[in-house]
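Fit chain L to the known structure of chain P by using the hints.
Below are the chains, spelled out letter by letter.
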Amino acid sequence: MAPAMSDIMTPDAAELARNAPGDGRAPLAEGSPEHDLFIGLTRLGDNTLILGHRVSEWCGHAPVLEEDIALANMALDLIGQTQLWLGLAGEVEGAGRDADALAFRRDAWDFRNLLLVERPNGDFGQTLMRQFLFDAWHAPMLKALEGSSDDRIADIARKAGKEVAYHIERSADLVIRLGDGTEESHARMQTALDALWSYAGEMFIGDATDARLAEDGIMPAPESLRAPWDETINHVLAEATLTRPDSTFAHKGGKQGRHSEHMGHILVSMQWLQRAYPDARW
Amino acid sequence: MPVGDVMVASIEQVWAWLGEVPDPEIPVISLTDLGIIRDVAYQGKTLVVTVTPTYSGCPATSVINFEIDKKLRDKGVSDLRLKRQLSPPWTTDWIKPAARDALKAYGIAPPIDGTAADGVIAGRIARLSGDNLRVECPRCGSAATEKVSQFGSTPCKASYRCTDCLEPFDYFKCI
Chain P
1 MAPAMSDIMT
11 PDAAELARNA
21 PGDGRAPLAE
31 GSPEHDLFIG
41 LTRLGDNTLI
51 LGHRVSEWCG
61 HAPVLEEDIA
71 LANMALDLIG
81 QTQLWLGLAG
91 EVEGAGRDAD
101 ALAFRRDAWD
111 FRNLLLVERP
121 NGDFGQTLMR
131 QFLFDAWHAP
141 MLKALEGSSD
151 DRIADIARKA
161 GKEVAYHIER
171 SADLVIRLGD
181 GTEESHARMQ
191 TALDALWSYA
201 GEMFIGDATD
211 ARLAEDGIMP
221 APESLRAPWD
231 ETINHVLAEA
241 TLTRPDSTFA
251 HKGGKQGRHS
261 EHMGHILVSM
271 QWLQRAYPDA
281 RW
Chain L
1 MPVGDVMVAS
11 IEQVWAWLGE
21 VPDPEIPVIS
31 LTDLGIIRDV
41 AYQGKTLVVT
51 VTPTYSGCPA
61 TSVINFEIDK
71 KLRDKGVSDL
81 RLKRQLSPPW
91 TTDWIKPAAR
101 DALKAYGIAP
111 PIDGTAADGV
121 IAGRIARLSG
131 DNLRVECPRC
141 GSAATEKVSQ
151 FGSTPCKASY
161 RCTDCLEPFD
171 YFKCI
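Listed in order, the protein sequences are those of chains P and L.
Just so we're aligned, residue 1 is where the first sequence starts under this note's numbering, counting upward by one.
Just so we're aligned, residue 1 is where the second sequence starts under this note's numbering, counting upward by one.
The following block holds chain P by itself, in its conformation from the complex:
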């Protein structure tokens, strides 16, 4: 029987791309411990990569020099952490892909980052609010990972945790200063919070992979990070005189590779050079 029209018109692009000739790697079996670990590590590394890239877009454009430098430094920390997470992911995968190959040679559907980190920068307030919502999750996440049953993960978490302690200190400080600032800055911070709020919930929604990783003591269950996150958020928002939105609706899918339209645009700018000139070096 001939395939239905919709089958012809909507091929599974992700599958086609993965099976494209020239790759030659044997994929890890879905649901295997190695595959779970690989997915867990790409989730960590893709968060830091995409947020690091987003933050780096401010380089040369921040409102004042000190903030420009601070944003560039934070982007640098995040990209550095990406090299560690994706480096380990490549090692676990065992198919010869290093951190660069994973960052520059995958397409959107193979990225596992939260939808929150691919949100556009917006104004300075929106960038800071996104950072704060993320940092308030990132810090306790790394703290939990320090106790991972996998020593390689614990080592990276201890290193990254020291850097992220400065990130949360800064983003919380600025959310308070701008929230409890002028009428204009307060309004912008509240608008940013309201706009980003529905993207925060994804951080605490686990799937089968998360459950298996948590069972083996490799990574914490996402749900377990809700309480420390709430505590930080409530404390800082109160200081900042900002109103925590009531809604519990959460956009999700990023962790499973289903992204917003922004993801493709990020990859176009981030991967262009490596796509046009594979293995280019300087």
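If you are wondering where the hints come from, they were derived from the structure by calculation, not from laboratory data.
For glycine and all other residues, C-beta sits at the position ideal for the given N, C-alpha and C.
Some hints here could point you the wrong way.
[Stated by the list, open to error] DEER-style ranges, computed between Cβ atoms:
| # | chain 1 | residue 1 | chain 2 | residue 2 | range |
| --- | --- | --- | --- | --- | --- |
| 1 | P | 277 | L | 24 | 24 to 34 Å |
| 2 | L | 153 | P | 272 | 48 to 58 Å |
| 3 | L | 42 | P | 274 | 32 to 42 Å |
| 4 | P | 95 | L | 24 | 53 to 63 Å |
| 5 | L | 10 | P | 262 | 14 to 24 Å |
| 6 | L | 42 | P | 95 | 49 to 59 Å |
| 7 | L | 83 | P | 282 | 18 to 28 Å |
| 8 | P | 234 | L | 75 | 52 to 62 Å |
| 9 | P | 95 | L | 164 | 58 to 68 Å |
| 10 | P | 282 | L | 81 | 19 to 29 Å |
| 11 | L | 24 | P | 66 | 30 to 40 Å |
| 12 | L | 74 | P | 66 | 55 to 65 Å |
This is chain L only, laid out in the frame that chain P set:
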């Protein structure tokens, strides 16, 4: 000491050579002053130098590895391997006392002991508004200084300003 026709450098000698390699960003202190060389040992005939990064994204890391490699090869070490060690993570507490004086003389306020970021986030947030650090101006010695930004010219530094002599300066922040 000569072994066969190859010169094998002693461990002490290698440490001394590494003590001559300046930090690429802050040339008044050496790599050993900075505390990032964690171990020097022979594995068989191969000299293994274990290095820990300061910040995971510090661009100086690859330059540091290059400088170590170059120094030791210049000294005749040909069988050499650099090993990265993440744990325990580097801390500013490992910067040697003499190097702190060198930093100050160079115009960078040295890190203040005992305030390293320890991951206790709630505590740090609680102290946000407090003046828990007294960073002295490296130029005039005044303690009347203020933080301009938690981030400075390199990942390891914060930007400060002296309110007495008005000098803007870098503070080597604790980690």
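Structure-based check of all given hints:
A C-beta distance of roughly 28 Å is found between residue 277 (chain P) and residue 24 (chain L), which places it inside the suggested range of 24 to 34 Å. Range check, residue 153 (chain L) to residue 272 (chain P): about 29 Å between beta-carbon atoms, so the 48 to 58 Å window is missed. The beta-carbon spacing between residue 42 (chain L) and residue 274 (chain P), approximately 39 Å, falls within the hinted interval of 32 to 42 Å. Separation of residue 95 (chain P) from residue 24 (chain L) is about 34 Å and departs from the stated range, judged on CB atoms against 53 to 63 Å.
Between residue 10 (chain L) and residue 262 (chain P) the Cβ separation comes to about 57 Å, which falls outside the hinted range of 14 to 24 Å. Range check, residue 42 (chain L) to residue 95 (chain P): about 34 Å between beta-carbon atoms, so the 49 to 59 Å window is missed. Hint check: residue 83 (chain L) to residue 282 (chain P), Cβ distance near 26 Å, so the stated range 18 to 28 Å holds. Separation of residue 234 (chain P) from residue 75 (chain L) is about 58 Å and conforms to the stated range, judged on CB atoms against 52 to 62 Å.
Range check, residue 95 (chain P) to residue 164 (chain L): Cβ separation about 60 Å, and the 58 to 68 Å hint holds. For residue 282 (chain P) and residue 81 (chain L), the hinted distance range of 19 to 29 Å is satisfied, since their beta carbons lie about 25 Å from each other. At about 24 Å, the CB distance of residue 24 (chain L) to residue 66 (chain P) disagrees with the hint of 30 to 40 Å. In this structure, residue 74 (chain L) and residue 66 (chain P) break the distance hint of 55 to 65 Å, their C-beta atoms being roughly 40 Å apart.
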